[in-house]
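S.K.: Listed below, chain by chain, are the residues.
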Amino acid sequence: MDQLTINAEPFRSRLFVGTGKFSSPSVMAEAIEASGTEMVTVALRRVDVNNPRDSTLSALDFSKYRLLPNTSGARDAAEAVRLAKMARVATRTNWVKLEVTPDPNYLLPDPVETLKAAEELVAQGFVVLPYINADPILAKRLEEAGCATVMPLAAPIGSNRGLRTRDQIGIIIEQAGIPVVVDAGLGMPSHAAEAIEIGANAVLVNTAIAIAEDPVMMASAFKLAVEAAEKARQAGPGGESRLARASSPLTGFLHEEGAP
Amino acid sequence: MDQLTINAEPFRSRLFVGTGKFSSPSVMAEAIEASGTEMVTVALRRVDVNNPRDSTLSALDFSKYRLLPNTSGARDAAEAVRLAKMARVATRTNWVKLEVTPDPNYLLPDPVETLKAAEELVAQGFVVLPYINADPILAKRLEEAGCATVMPLAAPIGSNRGLRTRDQIGIIIEQAGIPVVVDAGLGMPSHAAEAIEIGANAVLVNTAIAIAEDPVMMASAFKLAVEAAEKARQAGPGGESRLARASSPLTGFLHEEGAP
Amino acid sequence: MDQLTINAEPFRSRLFVGTGKFSSPSVMAEAIEASGTEMVTVALRRVDVNNPRDSTLSALDFSKYRLLPNTSGARDAAEAVRLAKMARVATRTNWVKLEVTPDPNYLLPDPVETLKAAEELVAQGFVVLPYINADPILAKRLEEAGCATVMPLAAPIGSNRGLRTRDQIGIIIEQAGIPVVVDAGLGMPSHAAEAIEIGANAVLVNTAIAIAEDPVMMASAFKLAVEAAEKARQAGPGGESRLARASSPLTGFLHEEGAP
Amino acid sequence: MDQLTINAEPFRSRLFVGTGKFSSPSVMAEAIEASGTEMVTVALRRVDVNNPRDSTLSALDFSKYRLLPNTSGARDAAEAVRLAKMARVATRTNWVKLEVTPDPNYLLPDPVETLKAAEELVAQGFVVLPYINADPILAKRLEEAGCATVMPLAAPIGSNRGLRTRDQIGIIIEQAGIPVVVDAGLGMPSHAAEAIEIGANAVLVNTAIAIAEDPVMMASAFKLAVEAAEKARQAGPGGESRLARASSPLTGFLHEEGAP
Amino acid sequence: MEIKLNGETREVDAETTIARLLEQLGIQPNNLAVEHNGEFLEEDALEHTMVRAGDRLEVVRFVGGG
Amino acid sequence: MEIKLNGETREVDAETTIARLLEQLGIQPNNLAVEHNGEFLEEDALEHTMVRAGDRLEVVRFVGGG
Amino acid sequence: MEIKLNGETREVDAETTIARLLEQLGIQPNNLAVEHNGEFLEEDALEHTMVRAGDRLEVVRFVGGG
Amino acid sequence: MEIKLNGETREVDAETTIARLLEQLGIQPNNLAVEHNGEFLEEDALEHTMVRAGDRLEVVRFVGGG
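Note that the protein sequences, when read in sequence, are chains A, B, C, D, E, F, G and H. Those letters in the first sequence? Residues 325 to 584, per our numbering, in order. Those letters in the second sequence? Residues 325 to 584, per our numbering, in order. Those letters in the third sequence? Residues 325 to 584, per our numbering, in order. Those letters in the fourth sequence? Residues 325 to 584, per our numbering, in order. Those letters in the fifth sequence? Residues -1 to 64, per our numbering, in order. Those letters in the sixth sequence? Residues -1 to 64, per our numbering, in order. Those letters in the seventh sequence? Residues -1 to 64, per our numbering, in order. Those letters in the eighth sequence? Residues -1 to 64, per our numbering, in order.
Mixed in with the good hints, there may be bad ones.
Selected chain C positions facing chain B (in silico; Cβ < 8 Å) [to be verified]:
| # | residue |
| --- | --- |
| 1 | LEU328 |
| 2 | PRO426 |
| 3 | ASP427 |
| 4 | TYR430 |
| 5 | LEU432 |
| 6 | PRO435 |
| 7 | VAL446 |
| 8 | ALA447 |
| 9 | GLN448 |
| 10 | ASP459 |
| 11 | ALA479 |
Rather than coming from a laboratory, the hints here were simulated on the basis of the structure. Values in this document were obtained by computation on a predicted structure and should not be read as measured data. Ideal Cβ placement from N, Cα and C applies to all residues, glycine included.
Chain A on its own, in the form it takes in the complex (with noise of 0.2 Å):
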């Protein structure tokens, strides 16, 4: 399993993690500690005037974290620009993590927007990350339009429900050639652990560790099963078989003529 690298960047954790909903910021930052994440993804939101030292991510050393804004909020390509064009001033990056959801509902994807919004954005030198529904061909064209790694999502943002969409993000792995980050809805390590057993490079996971009783232990467990699929992987797994295949030796002695 090669080094994953995004953007010519290269990054040791295939967790990448986002950073709503988190209890306190302390909090927050404790997980994303725990998760060994490399980058984290944020959002834009308006200065409340009245109070305006906003301090939800000051806790976080961003040394230590590739900032990864999104566009969340954004119904079109047009407002996912502009939001992209705020966040680049506000977050020092070029690199976008790009979400046109115009769906409140389901907050899915719009994958003409998003194909739009894209191709935009690559134009004005961002280092786009999109968000999409899981479509093989939209993948395809989002990496011809430049984009740096394509987001499939496994189901729906916050649903915990996970890998909804296997064979769909199955078919964009095998043709990809950028990075696939599975992102949405993988709610248990063991659903990020399948998605990059199946060939994912990389997961993002926000809500399933921000919701968990104890967030901290939830991150830390789901560095630990990113890290065991990585593994696997490089291990070369032997396959699956319909009939069993005997772990043991076959004790001939027990069937003998004469025994008792």
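Dock chains B, C, D, E, F, G and H against chain A, hints included.
M.R.: Leaving out everything else, chains B, C, D, E, F, G and H in the frame of chain A:
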């Protein structure tokens, strides 16, 4: 998640490992070491009289692992009891993994003979860990018969097919008063993690590790996956939802009247 | 697909129907009629001495259906045998659906008591159709004990959860020399069809029909689904493939040199 | 379950059938007849100038079936529009199954080109039924663009793998204001039934019927399965439960004090 | 005299066969099975088996079940 | 003169309409669609569109498809 | 004079640059991005862009998100 | 004299204990279990159990297994 205890003996690792099918004794010993296990299964076989120095297991440091001899090859209760008694002398432990598998194709266990053998072995002072189909009532009866665990199968031995009996194992776990060890068929780290996540107390893995191209690496992968799942349970997972749950705050300003 | 024959008696319909839980005797009778079944299960209950005209089943024309009394309520072999003998007198048939279900939460069958009761009932001249967990070895032993069918469960009785034991039932079917009737848990027509498609000889449905808002309509739905699956097997399905297989001829002219 | 209506045209059958890959024109005609369908898809191909009497479809009585020409082979919107216009002349219908499939391995549809072609074809007066990935947002946009249905895929064309996109199709159905026709990958009657049971308005089947050993029998099987599922929805299913729900009354007398 | 019928205590005339008792109770004798003091009775035994004080009778019939 | 018909070079009489050309080739005019030099032809155009040397014609018909 | 700041009407001194306005409001200028009347401002523009009556300002900062 | 050892016929000296026989064969006595004519032998019985003509011996050891 409480400490795992079997027959009043504590185990820090929830991963048990089988020692069959490794390509060499040294690879096996290294893989066992890498797995972090504290209990390994072994089988009985005739000594080769013409070449009596069987060194298969000589590479293992028995002071570090509890031996769990199995009765593989037994096709009925009598054979299983016979093997268990020989195993007790050969391995100097009264623990036994009870396997009664009359069918050579799928190596599935016989519920009636397994219960019969379990009752007899318990009466003879054995600590009995029976390999069973994922049958909640049988599991309960084996518990009542004094078994130390039940070991329901995920899929046929060596098939690497994963947790195909998930619903039934869930019921076994819900009703069990003794540890539930998922045995057979766990082919990838995500499978082992899933078993622990749904509440299994431990897992037993052999084929998936032994037939990997790099068994030592695969052993390490399973170790991490089991620890991941254990932590996830301790962390108090947040549960699934049908709809999305936003992980980023709503970025309201985009859609206000007067916004561009 | 051969004609279904149980104990040398032919059945044109592969759908058996339970008569419990219907909202009224007439709805039940109509639903049974609509199902096209030729065998219906019944249970035993005390006569209400103060109101002895129990008309629950009076609406059924018994000349059209074989009665299959069950031993529901039995918690061990002795109770099952006792119920079977009473059922034989009450229903004037020596066929019995053997149920031994000690656990009230999931109503799962006891493998050991079921085998014991089966042996005794066969010895007493009963035609025995045992309800069992999806356990291939137990199925084989019941066949050897002289049972007329095995009836493995798809999911707990009345749960409508579908074929959760698919792998194990597949093995039972592969190894069986007697008809395999999938019983319990089939909640929708697609579930029943799936069971027949993978090779089951028949299915037994009660709750899914009885608790539908329109049980007569639902009975008809199951009838059609079972027939559909039967035909599909006769038709020789083409099998799955991983890649696409074009269903339209290639329209080459679009991509020729010189094409617009 | 309301009558199925597409573009104000009623359909009694919820099964649409493709005409590709049959072993002979007469087998195809018989299978179509047996399916009970009222709409069949066709493709365009060059006339063989040296053997111009192409009789492939001559066995079909076109007065009985609406023709639905597809744009198979189109790799982008322009090709699809070009094919649609030729198809309109050749088949004398303005209905078109829009397929834009640039990838030859999985024949998956391109979301962006499909939407673009759909918009243009709607503008040109076509009744557009687009084949799409199971993408809820794309489905909604195609509806807004004036498409008559959406046709999300269950699995790759001809793969017979069943409803691998179940979660996503469920969301499409929940949000759709136009009929949802599950297309591609339905390999067995149970797959088609499942699609209708979860709320699809119709299904389109070709390969599973055409490559069966007996396509006429298989067509009949799919017909029954679709009817079964339709009836099941009308019947008001009772829903799943985790625990068992007894289908027989409790036989209390067995366990009373004083009972033998 | 008193007997126990389907779990309830009940006063019946002495010296009756089970068949006659069922008739008196309005219970039609078809589709029935009877246990007498825990012993299963074959059908023809109903006519000549006498009910005695303290006897336990179970009378069952088949009903809807799955 | 030579034209390209469905990708193959073919010798045809000069000064023919497409409709007549199809007739000569034994291709029945129903259920067809024709492109002429990459331009889609409406059906009634077949009668009055002349084939000229070097023209490209695509003649398609519907067949079995999914 | 009145401006609209993050959706709320607010009284501010006339003749101020955006940078100074933020300072007055106690908003630290790092990790921010600003839109001025719907136009995105590059960072260095904050120093020399004047706020005028009726202007709309959006001031955003990054926070936790997934 | 002949005995059957692990399924094979083998010539051994008369009047030997099982323990000595194993030693002669180069089989180390640890981690072993022995059946003698189908009867399981406790470990200390190896020293004083004599091998006789026609005896069947099974000598097993534990090996890798799952």
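S.K.: Against this structure, judge whether each hint is valid.
M.R.: Checked hints:
no. : hint   : in the structure
1   : LEU328 : 26 Å, violated
2   : PRO426 : 6 Å, holds
3   : ASP427 : 6 Å, holds
4   : TYR430 : 6 Å, holds
5   : LEU432 : 5 Å, holds
6   : PRO435 : 4 Å, holds
7   : VAL446 : 15 Å, violated
8   : ALA447 : 17 Å, violated
9   : GLN448 : 20 Å, violated
10  : ASP459 : 5 Å, holds
11  : ALA479 : 7 Å, holds
Of the hints listed earlier, those the structure fails to meet are numbers 1, 7, 8 and 9, in rising order.
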